[in-house]
Amino acid sequence: DTAVSQTPKYLVTQMGNDKSIKCEQNLGHDTMYWYKQDSKKFLKIMFSYNNKELIINETVPNRFSPKSPDKAHLNLHINSLELGDSAVYFCASSPDLAEQFFGPGTRLTVL
Amino acid sequence: AQTVTQSQPEMSVQEAETVTLSCTYDTSESDYYLFWYKQPPSRQMILVIRQEAYKQQNATENRFSVNFQKAAKSFSLKISDSQLGDAAMYFCAYKGTTQGGSEKLVFGKGTKLTVNP
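Residue numbers (our numbering), protein chains in the order written: chain A, 3 to 113; chain B, 117 to 233.
If you are wondering where the hints come from, they were derived from the structure by calculation, not from laboratory data. These figures come from a predicted structure and were not determined experimentally. Just to be clear, a hint being listed does not mean it is correct.
Straight line, CA to CA, 27 Å or less: simulated DSS-like cross-link-like pairs of lysine-lysine [as the list claims (entries may be wrong)]: (1) B/K171 x A/K38; (2) A/K46 x B/K186; (3) A/K42 x B/K194; (4) B/K189 x A/K42; (5) A/K73 x B/K228; (6) A/K43 x B/K171; (7) A/K38 x B/K225; (8) A/K11 x A/K42; (9) B/K225 x A/K43; (10) A/K11 x B/K228; (11) B/K194 x A/K43; (12) B/K171 x A/K42; (13) A/K69 x A/K43; (14) B/K228 x A/K42; (15) B/K225 x A/K11.
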């Protein structure tokens, strides 16, 4: 049983394209997150949603737009992709004050 | 803003030996959580251990234990009887409590652990 799943796991695309990454959790958690891990392995929060409501938006360019159709899903849409967007993107979920459960990550490569 | 510092970019240990990974953090909050996550080459983020700041007792999970020094804002991870499967990036992370559970994780830059046979 997959707890937090992301699709796709790998995404290769050209500069200027628009792409989406999907995330689903079947843990019944209220809060979901997107993190970005750069080429130096540094992990940083991008967004968090609690019950479909945006809680955290960490000065991410507005080319990135998260969408939460329900509390089990948090998708990430990226417009006009740039070379610097190449990274691994992790979705995570959390029930409360406890630890966060991470998805397998999506490696995005922008050519 | 909270920060997390891991001063050892890389560490190595012999199989069956013990290794300690360092982590310090900065916060003005009194209540928070600390975590160690492991990221093997598969890139999956795996929770190793967690510590609640209000608990004085150090957390332990099998071969993994922490030395939590709240006053010094230090949270080191000790791995005993190291195994080849312990080789990975290890991230120390901080989570505050002011947003009622929706707090982000603040990560250190990671320590790459190599286990030598």
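Are the Cα atoms of A/K42 and B/K194 separated by 27 Å or less? Holds, at roughly 24 Å.
Would you mind confirming whether the straight-line C-alpha gap from B/K225 to A/K43 stays at or under 27 Å? holds, 7 Å
Compare the distance between the alpha carbons of A/K11 and A/K42 with 27 Å, and conclude whether the hinted pair is satisfied. Roughly 19 Å separates the two Cα atoms, so the pair holds.
Proposed proximity, B/K228 with A/K73 (alpha carbon, max 27 Å): The hint is violated at about 35 Å.
Is the straight-line distance between the alpha-carbon of A/K38 and that of B/K225 27 Å or less? holds, 13 Å
Please verify whether B/K171 and A/K38 have alpha carbons no more than 27 Å apart. Measuring from Cα to Cα gives roughly 31 Å; hence the hint is violated.
Are the Cα positions of B/K194 and A/K43 separated by 27 Å at most? holds, 22 Å
Given hint A/K42 paired with B/K228 - CA-CA distance at most 27 Å: holds, 12 Å
Is it true that the CA of A/K69 sits at most 27 Å from the CA of A/K43? Holds, because 25 Å separates the two Cα atoms, which is no more than 27 Å.
B/K225 and A/K11 were given as a pair; does the straight-line alpha-carbon distance stay at or below 27 Å? OK: B/K225 and A/K11 at ~23 Å, within 27 Å.
Hinted pair, alpha-carbon criterion (27 Å max): B/K171, A/K42. Please report holds or violated. Status violated; Cα separation ~33 Å.
Is the hinted pair A/K11 and B/K228 satisfied, with a Cα-Cα distance of at most 27 Å? Given that 27 Å is the threshold and the Cα spacing comes to 23 Å, the pair holds.
Consistency note: the structure conflicts with the earlier hints numbered 1, 5, 6, 12.
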